[in-house]
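Peer 1: Guided by the hints, dock chain B onto chain A, whose structure is given.
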Amino acid sequence: METNLENLKTVAATFSEEIAGAKLDTPAKSEEFRIRFLGQRRGVIPKLFKTIPDLPKQDRRSAGQLLNALRKEAQTALESAIEQHRVKTTNTWDIDLTLPGRRSQWAGSRHPITLALAKITDIFKHMGFAIAEGPEIEDDWHNFTALNFPADHPARDMQDTLFVEEPGKGRAGAMMRTHTSPVQIRTMMAGEPPFRLIAPGRVFRNEAITYKSYCLFHQVEGLVVDEGVTMADLKHTLAGFARAFFGDEVKMRFRPSFFPFTEPSGEVDIWWDLPDHPEGGRWMEILGSGMVHPNVLEAVGIDSERYTGYAFGMGIERPAMLRYGIDDIRVFYENDVRFLAQF
Amino acid sequence: MKISYNWLSEYVAHEYSPEDLAHALTMSGLEVEEILHLGPSLDGVFVGRVVSVRPHPNADRLTLCDIDLGTGELIPIVCGAPNVATDQRVPVATIGTHLTIDDKVLKIKKSKIRGQTSMGMICAEDELGLSDDHSGIMVLSGNAVIGEPLLDYMEREGKKLNDTVLDIAITPNRADATSHIGVARDVSALQNVPLKRPEITIPSDGGETTQHIKVDIECPDLCRRYAAVIVTGVKVGPSPAWLKQRLEAIELRSINNVVDATNYVMYECGQPLHAFDYDRIAEQRIVVRESVKDEEFTTLDGKKHLLPEGVVLICDGERPVAIGGIMGGENSEVDETTSNVLIEGAWFCPSRTRKSARALGMSTDASYRFERGVDTDSQAWATVRVAALIAELGGGSVTSGIVDAHPGPPKATRLDLRVARVPKILGIRIPRKDILRILTSLGFDPQEACDTISCTIPSYRPDIHLEIDLIEEIARIYGFHQIKAQQSAPLPVSVPVTRPIDLLRERVHAYLNGHGFREIYTNSLLPDEQALQFSQAVTAADYPPVRTLNAVSRSMATLRPSLLPGMLNVMQHNANHGRRALRFYELGHVFHLSGHEAAFIENYSEYEVLLFGISGPVRPQSWDSSIPLADFFDIKGDVEKLLSLLNLDFLQMEPSVVPTDITAHHITLSVNEKWIGTIARLSDEIQAAYDLPDPVFFATFNWTRLALICEEQPAAVYSPVPRYPVVERDIAMVVDSQQPVGDMIKKIREAGRKLLKNVDIFDIYTGKGIAPGKKSVAFSLRFGANRTLRDQEIDHVVQNIVTTLSAQFDAELRA
Numbered sequence: 160m161e162t163n164l165e166n167l168k169t170v171a172a173t174f175s176e177e178i179a180g181a182k183l184d185t186p187a188k189s190e191e192f193r194i195r196f197l198g199q200r201r202g203v204i205p206k207l208f209k210t211i212p213d214l215p216k217q218d219r220r221s222a223g224q225l226l227n228a229l230r231k232e233a234q235t236a237l238e239s240a241i242e243q244h245r246v247k248t249t250n251t252w253d254i255d256l257t258l259p260g261r262r263s264q265w266a267g268s269r270h271p272i273t274l275a276l277a278k279i280t281d282i283f284k285h286m287g288f289a290i291a292e293g294p295e296i297e298d299d300w301h302n303f304t305a306l307n308f309p310a311d312h313p314a315r316d317m318q319d320t321l322f323v324e325e326p327g328k329g330r331a332g333a334m335m336r337t338h339t340s341p342v343q344i345r346t347m348m349a350g351e352p353p354f355r356l357i358a359p360g361r362v363f364r365n366e367a368i369t370y371k372s373y374c375l376f377h378q379v380e381g382l383v384v385d386e387g388v389t390m391a392d393l394k395h396t397l398a399g400f401a402r403a404f405f406g407d408e409v410k411m412r413f414r415p416s417f418f419p420f421t422e423p424s425g426e427v428d429i430w431w432d433l434p435d436h437p438e439g440g441r442w443m444e445i446l447g448s449g450m451v452h453p454n455v456l457e458a459v460g461i462d463s464e465r466y467t468g469y470a471f472g473m474g475i476e477r478p479a480m481l482r483y484g485i486d487d488i489r490v491f492y493e494n495d496v497r498f499l500a501q502f
Numbered sequence: 020m021k022i023s024y025n026w027l028s029e030y031v032a033h034e035y036s037p038e039d040l041a042h043a044l045t046m047s048g049l050e051v052e053e054i055l056h057l058g059p060s061l062d063g064v065f066v067g068r069v070v071s072v073r074p075h076p077n078a079d080r081l082t083l084c085d086i087d088l089g090t091g092e093l094i095p096i097v098c099g100a101p102n103v104a105t106d107q108r109v110p111v112a113t114i115g116t117h118l119t120i121d122d123k124v125l126k127i128k129k130s131k132i133r134g135q136t137s138m139g140m141i142c143a144e145d146e147l148g149l150s151d152d153h154s155g156i157m158v159l160s161g162n163a164v165i166g167e168p169l170l171d172y173m174e175r176e177g178k179k180l181n182d183t184v185l186d187i188a189i190t191p192n193r194a195d196a197t198s199h200i201g202v203a204r205d206v207s208a209l210q211n212v213p214l215k216r217p218e219i220t221i222p223s224d225g226g227e228t229t230q231h232i233k234v235d236i237e238c239p240d241l242c243r244r245y246a247a248v249i250v251t252g253v254k255v256g257p258s259p260a261w262l263k264q265r266l267e268a269i270e271l272r273s274i275n276n277v278v279d280a281t282n283y284v285m286y287e288c289g290q291p292l293h294a295f296d297y298d299r300i301a302e303q304r305i306v307v308r309e310s311v312k313d314e315e316f317t318t319l320d321g322k323k324h325l326l327p328e329g330v331v332l333i334c335d336g337e338r339p340v341a342i343g344g345i346m347g348g349e350n351s352e353v354d355e356t357t358s359n360v361l362i363e364g365a366w367f368c369p370s371r372t373r374k375s376a377r378a379l380g381m382s383t384d385a386s387y388r389f390e391r392g393v394d395t396d397s398q399a400w401a402t403v404r405v406a407a408l409i410a411e412l413g414g415g416s417v418t419s420g421i422v423d424a425h426p427g428p429p430k431a432t433r434l435d436l437r438v439a440r441v442p443k444i445l446g447i448r449i450p451r452k453d454i455l456r457i458l459t460s461l462g463f464d465p466q467e468a469c470d471t472i473s474c475t476i477p478s479y480r481p482d483i484h485l486e487i488d489l490i491e492e493i494a495r496i497y498g499f500h501q502i503k504a505q506q507s508a509p510l511p512v513s514v515p516v517t518r519p520i521d522l523l524r525e526r527v528h529a530y531l532n533g534h535g536f537r538e539i540y541t542n543s544l545l546p547d548e549q550a551l552q553f554s555q556a557v558t559a560a561d562y563p564p565v566r567t568l569n570a571v572s573r574s575m576a577t578l579r580p581s582l583l584p585g586m587l588n589v590m591q592h593n594a595n596h597g598r599r600a601l602r603f604y605e606l607g608h609v610f611h612l613s614g615h616e617a618a619f620i621e622n623y624s625e626y627e628v629l630l631f632g633i634s635g636p637v638r639p640q641s642w643d644s645s646i647p648l649a650d651f652f653d654i655k656g657d658v659e660k661l662l663s664l665l666n667l668d669f670l671q672m673e674p675s676v677v678p679t680d681i682t683a684h685h686i687t688l689s690v691n692e693k694w695i696g697t698i699a700r701l702s703d704e705i706q707a708a709y710d711l712p713d714p715v716f717f718a719t720f721n722w723t724r725l726a727l728i729c730e731e732q733p734a735a736v737y738s739p740v741p742r743y744p745v746v747e748r749d750i751a752m753v754v755d756s757q758q759p760v761g762d763m764i765k766k767i768r769e770a771g772r773k774l775l776k777n778v779d780i781f782d783i784y785t786g787k788g789i790a791p792g793k794k795s796v797a798f799s800l801r802f803g804a805n806r807t808l809r810d811q812e813i814d815h816v817v818q819n820i821v822t823t824l825s826a827q828f829d830a831e832l833r834a
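Chains as they are written, first to last, in my numbering: chain A, 160 to 502; chain B, 20 to 834.
Excised from the complex, chain A in its bound form (with noise of 0.2 Å):
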């Protein structure tokens, strides 16, 4: 077609009309109208400028404009419609709030008998309580002598003991733990009274693991030595532990007892509701405690003339079921995560 002025005008009025009905409703046809109508290249514009110079003189004024114009009505659609698409992606009525959210990982949790270990130690350190370790494996003088358990006698019964071997010797002298008790001869032979500390920790009893038994539990011993300690102190530390553990409203009984490293020893019941019970009720027995036992005072080297003391020990799987309403002991070391994912 020859290059004038008349020619410009029809071809623009068609490109006009067709920038005037393009439909840019999505990004791809937008770009693809910058391409036709302004690419630097090939886009029919930018084509139709070049022509320009080849105009008489008298109409490239004219022919400037026009094609500024066309030009600018491009721009404007496209302009247009890339806000369109901008107002769409970023719409913030449009999301699925109900999707569930990310998540970078699953829930960890804690094993429950580290929760009620935790809920036990919490209570008697704002009782001014330090926390003291041991060994698992003991030797009979800080398991048993020192604790005032005579060689040869019923009292080591009470406790059935798991030995383990001697390197060289084959014969028994070290044993698992029964109590965590070791752990106060320890304390007390490694530093001055006033003591006053618990001990966490794990126990050993050679027993067949049954729904009621298991081959080891968890144990939190507890000891006080100073001047002037008596029973009324034991009393109001053990009463103060059971209304926190269990509630202000705790029913509890203090009654002797027998253990051979404390005298005079008790243990404490706390009244626990069972609706099915023809009693409405029993007394479970939560813990064992007494005045240290002079022999042992002096075992340690502490006066005990001078001394007197208290000690007290609680399992912490007993407690926890009865808390949780778990009747099979062996949950506690199964550790199926829909166990663990309950506390």
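For the record, the hints were derived by calculation from the structure and aren't laboratory data.
Heads up, a few of these hints could be off.
[Unchecked claim] Okay, derived cross-link-like pairs now, BS3-like style, lysine-lysine, Cα gap no bigger than 25 Å in a straight line:
#	chain 1	residue 1	chain 2	residue 2
1	B	K793	B	K766
2	A	K231	A	K209
3	A	K410	B	K503
4	B	K374	B	K323
5	A	K284	B	K503
6	B	K773	B	K660
[What the hints assert, rightly or not] Far from chain B, some chain A residues (derived; all Cβ distances over 10 Å):
#	residue
7	K278
8	Y370
9	A458
10	V459
11	R482
[What the hints assert, rightly or not] Covered by chain B, according to a simulated footprint, are these stretches of chain A (three or more residues, beta-carbon under 8 Å):
#	segment
12	288-295
13	353-365
14	420-433
Using N, Cα and C, we set each Cβ at its ideal position, and we do this for glycine too.
Peer 2: Using the frame of chain A, we list chain B on its own:
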């Protein structure tokens, strides 16, 4: 131990109901674990009056009776007893009643006996379980009210038909409470009423008895006393109903009148007794001696024993006839043919009895008592008491006198109680008169001096040695409930601070919980094979695991040397229950023989370990991205972050791609050549052995040592935060594809010196544009200082890094 309420009440006139008694005993140190109600059920048995008696038309021995039960109409009963007569008051079991006769339950029904209707049963005493009497129907006194329940009548007559049995958990110190009199003594102290012991006259050593039996004690330390009496002309037979009832109440089986009498007296006073067939005792003599090794002996339960050395044996002139304090022998047992009975009442050493009983695997009522310590003064009393009882039951006669071999009678031991010491222990003042009353009723014979009370330790209290024991006796009878809890306590001067290891534990729990790990508790005891397999798993130390000596099962034979097998068991359990994503951790003790750790107990090393492990998808499922399976770099990243949290970035990491028995590849973490931990991929073989579908990665640490290192770290010191902008530069280096990147990072750090603050890797690329056998590693470098950095400065450092990498690793800067 079982205690009968009725039996106990023979020795003390208390006012407790069975339930109150159980409570009072529990609260004074004899814990009642169970209360059992016993007795014949007389439900449905009423008092009736025999209105008329007529002969049965079809049977000579039967009669037809009309009975008035106060209901307004007479009921017909066919009766077979010869003594039935008009106007008698008799017990009548009505229709529907259950009677237990000779262990068989009989239900009373309406029936026809030889054509005549019978609507119940007139009972003899044995049919009601009241006695063995079957001579005729029971005839009641005129006090019986027609129509009343028989039980009401019996109680009005003062006959106890029902009993309550208290099952007491006897603590090992309370040897004195293993009998009815022993428990009654506590009751008498609690109620402040006297104890009534049967009156027995004990003859002094000598008399006719000594002509028939001689006793030699060769081991007087083990058998301090041996009393013997003979009962002649005994007819061995069943025990009478009252004795059976006593024994059966406490769940002892009735055997014959002789054996039952010895058991009865043992449960009465706590002294075990043995009855020999006197005619089977050779040479009319008893020798008490220790066994020699491998002596054979058959006890009366028919079991043959090969005895260890040092068991106390009761022998006659020729052979052993009993194991002292444990069980008699088959060769001298009393049976139906016995007519002369030799009774032994002895005292055997508690610790030796316990040792022998354990060695023989036996525990008897006798050994139970001797182990705890039998009254050192009850032998003659009990022997004479049982001899009289046997003579009464079996129609024999007791030889006069007694053999009472008593080589070294113990002297009475006195013990002083300082009155002022009582409140120092108990925290309350107990009135002196109460202290005296309690000590008196428990048998301590207190004598007052000014500041002290002097007591005599009774022969039945081997557990009392010290003043503190007396204080306990006072406290338990006075009542623990009287001790009032202190209302406030002084605050200690030295306030305990939380130990660093506890703070550290808390941080690790929080960290691991936040990273999706669940804490587990696993058994410290493993089957031996499992312990052996894993003993070298992680520490690379060559120490054998610790075996147990007396485990009840093979699955608890050996102490865990590693937490890993426990975790694998847990992973397997959860995988079996359909869980694919597994993330667990445990903190616990592990054990080795001898070893490298400072040991509490010589020859054993024990320390705490932290283990965490992962397997399966690395994150929860998501709706817009796919989730890869965990790999080595997931666990390594968790470890690096943890170390950074604990300010332990300086640990040395030594990688190894050489497989071990347990791992496919691993990194060892250490400080100064000391093993701190391992990060590893579990070997495919073990993964398969535990049925785990996905690779398992774990990290394990010597937690004890790690905690110590943390503790030794100097406290943090503030360094000012730089206020100047940082500059980032990226470089990509082409190196041999086998070149470990970790080494490059190390060199970059060295070359970058102080200005280089951080190195990250943002791409590792092989393929188009990179020569085969090469890879491109892209590093992002961050520079900073406490001043504004100039471009030339950075360019210089980057150039230095590139040069270093080129020189060290033959690396080329990627164009």
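Peer 1: Against this structure, judge whether each hint is valid.
Peer 2: Taking the hints in turn, this is what the structure says about them:
1. K793/B - K766/B: Roughly 19 Å between the alpha carbons, so the hint for K793/B and K766/B holds.
2. K231/A - K209/A: Judged against 25 Å, a Cα distance of about 17 Å means the pair holds.
3. K410/A - K503/B: Satisfied, since the Cα-Cα distance of roughly 15 Å is no more than 25 Å.
4. K374/B - K323/B: holds, 18 Å
5. K284/A - K503/B: holds, 23 Å
6. K773/B - K660/B: Given pair K773/B, K660/B holds - Cα atoms ~23 Å apart, limit 25 Å.
7. K278: Answer for K278/A: holds, closest chain B Cβ roughly 14 Å.
8. Y370: The claim holds: Y370/A sits with its nearest Cβ about 16 Å from chain B, beyond 10 Å.
9. A458: Non-interface label on A458/A holds, nearest chain B Cβ at 14 Å vs cutoff 10 Å.
10. V459: holds, 16 Å
11. R482: The claim stands: R482/A keeps its Cβ more than 10 Å from every Cβ of chain B (closest is about 17 Å).
12. 288-295: With 6 residues in contact (Cβ-Cβ under 8 Å with chain B), the coverage given for the segment 288-295 of chain A holds.
13. 353-365: holds (count 6)
14. 420-433: holds (count 5)
In summary, the structure agrees with every hint in the numbered list given earlier.
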